[in-house]
Amino acid sequence: MTMEQEIEVLDQFPVGMRVLAVDDDQTCLRILQTLLHRCQYHVTTTNQAQTALELLRKNKNKFDLVISDVDMPDMDGFKLLELVGLEMDLPVIMLSAHSDPKYVMKGVKHGACDYLLKPVRIEELKNIWQHVVRKSKLKKNKSSVSNAAANSDKANRKRKEQYEEEEEEERGNENDDPTAQKKPRVLWTHELHNKFLAAVDHLGVEKAVPKKILDLMNVDKLTRENVASHLQKFRVALKKMSDKANQQATRAAIESHLMQMSSHKGLGGFYHHRGIPVGSGHFHGGATMMRHYPSNRNLGRPNSLAGGMFQPVSSSFPRNHNDGGNILQGLPLPPLEELQINNNINKAFPSFTSQQNSLMVAPNNLLLLEGHPQSSSPGFSPHFEMNKRQEHWSNTAFSTNIPQSDVHSKPDNLEWNAFCDSASPLINQNLDTDTTSFCRNTDFRSTSAAQTDFFYPLQMNQQPTNNSGPMTEAQLFRSSNPNEGLLMGQQKLQSGFMASDAGSLDDIVNSLMTKEQSQSEFSEGDWDLECLAHSEHAYEKPYFPFSLSA
Amino acid sequence: MQRQVALIKQSLFDQGYLDEQFMELEELQDDANPNFVEEVSALYFKDSARLINNIDQALERGSFDFNRLDSYMHQFKGSSTSIGASKVKAECTTFREYCRAGNAEGCLRTFQQLKKEHSMLRKKLEQYFQLARQAGPKETARRPK
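So the sequences go chain by chain: A and B. Take the first sequence: its letters are residues 569 to 1118, numbered as in my numbering. Take the second sequence: its letters are residues 2 to 146, numbered as in my numbering.
Where hints are given, some of them may not hold.
[Claimed, not checked] Selected chain A positions facing chain B (in silico; Cβ < 7 Å):
hint	residue
1	T602
2	T613
3	P687
The hints are simulated quantities; they were obtained by calculation from the structure and are not laboratory data. Note that the Cβ used here is the ideal one computed from N, Cα and C, for glycine as well.
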């Protein structure tokens, strides 16, 4: 046994994890099978997606994880991914020879926990078990809140217990308490909040009454009163955001416009003006926010909470004039503003930001967090990572006058980061290794289909320690090449933004594609990064419309 | 004889027929999987022969459905990468570029080249495996444990 294998054996869980591998290419499948065996997983293979689905449907509890190729003749890998996520709620890892960010993005959007490139190396497979753990954790949280503890949750929990006995016991205790009480205090987890947001979005903010929201959410043991009070907090936060956003928007519009003039690199421009993010406003969870965004396409639209976050983008940007600043422009400034806003929001609902994980769409900023109603709240640690990241990022980006310190600690940032992280992998190819690896890790290693985990897992993945990620990033930012760092962040944003939502997926994909096309035009000057090229250029175009319409 | 085997293998790497991925595969070969590399190679050649056939037919038809060709080639590239067939992989990449550029002639030319590389690799690998088997299957293609 190699040393790695020995280490694995120490922790019982990964050993014997049941993986279902799907790939139409026999060669790759065989190799994958052997690699997985090497990692001491229990492997089932099939070269037909249809067969895979049947196997999974026959017995939902028979597998812990699915690894699937993207290009398959009988069914699109993404479709399989979606179905597995919906029906069985298992973590799915995508596998492909396509390193095209488009595909990676698509994977993220369809709920993949991770996206691996062929040829797969054994090191990458050694850590995939974390996705299973994460997912089960989310499920546990979910069930503790909504007492509609689905059987699957219990089953998963039971299974997990075999693996992680200690943790299981503790959580089991926690779970019991709410059930025992008559009126358990409702904990608005990410998932619950996402459902809430989806319902509100569906109804429209004006028409969102507690009764209807409650019906739409369809969560057991949730009362109208719970929803009503949550809604009230939500509205308060919304209003605050909108006020701020309004101010920001006007200023931003003007400034960004000027900015663009001064620098053709217009990274900043594209962010705000890009319609796409807006379009992507419909993410699963925070639908409300997003929706508003797309329609307005203005910075100034504060309606959505999330939206509020973004708006600042343009406004804060202009302030930081300089080359780096330009880059920032493109960046979802929101962090600054957002952060501040987040503060407010945080007060309103403590758990809010985490939900937002799903998707912070900053039309301006292209902050997209995917909100999957199904997703459960992300693990906590990731938040930290995220916050840190965001902090670094924000710091770098807006080193000038924005008081970010207070904001950073907020979970909101987390989402943002998460987002960035997820986004970055797409674009980071050319950034220095630290960043790249950092971002890359973040992106797809997310655990569950729920986005929240999307982003952050990446960080964790290949970093020896979680903290190293953010550090790297921070360092990167602060390095002598601020642009690079910024770009990275930007990229992240972009990606994040892309990831927003199925609805606007096409938009995003298109914009992504456009970006890529304009790549050549884009890179110049200090930004020699390809990644820059990816996103920036496309963004430049919409720049004007935005400001004018604001 | 073992030395001969080792030399052949080395030359395959030196000449760029194979890359590190092949070495990774060799690492996976062990007592539980004594002929892993050879099995995988066999699978690869079977699969790729089929693909080559498909592409040949598509090209002969003269219709040049670039999208389809590109997707065939993507598959081809995927499996070639997995086995570490670097020259073949390079030809795949070139072919796809021509596809994207809509350059039919370039595609044809590249495809001929690709077939050549492919059959070269096949021959060499067959030779290599044969020798390896003769030399003593367990002692070759594996790092000493």
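Now the hints, each set against the structure:
no., hint, result
1, T602, "holds, 5 Å"
2, T613, "violated, 12 Å"
3, P687, "holds, 5 Å"
Checked against the numbered hints listed earlier, the structure breaks hint 2 alone; every other hint is satisfied.
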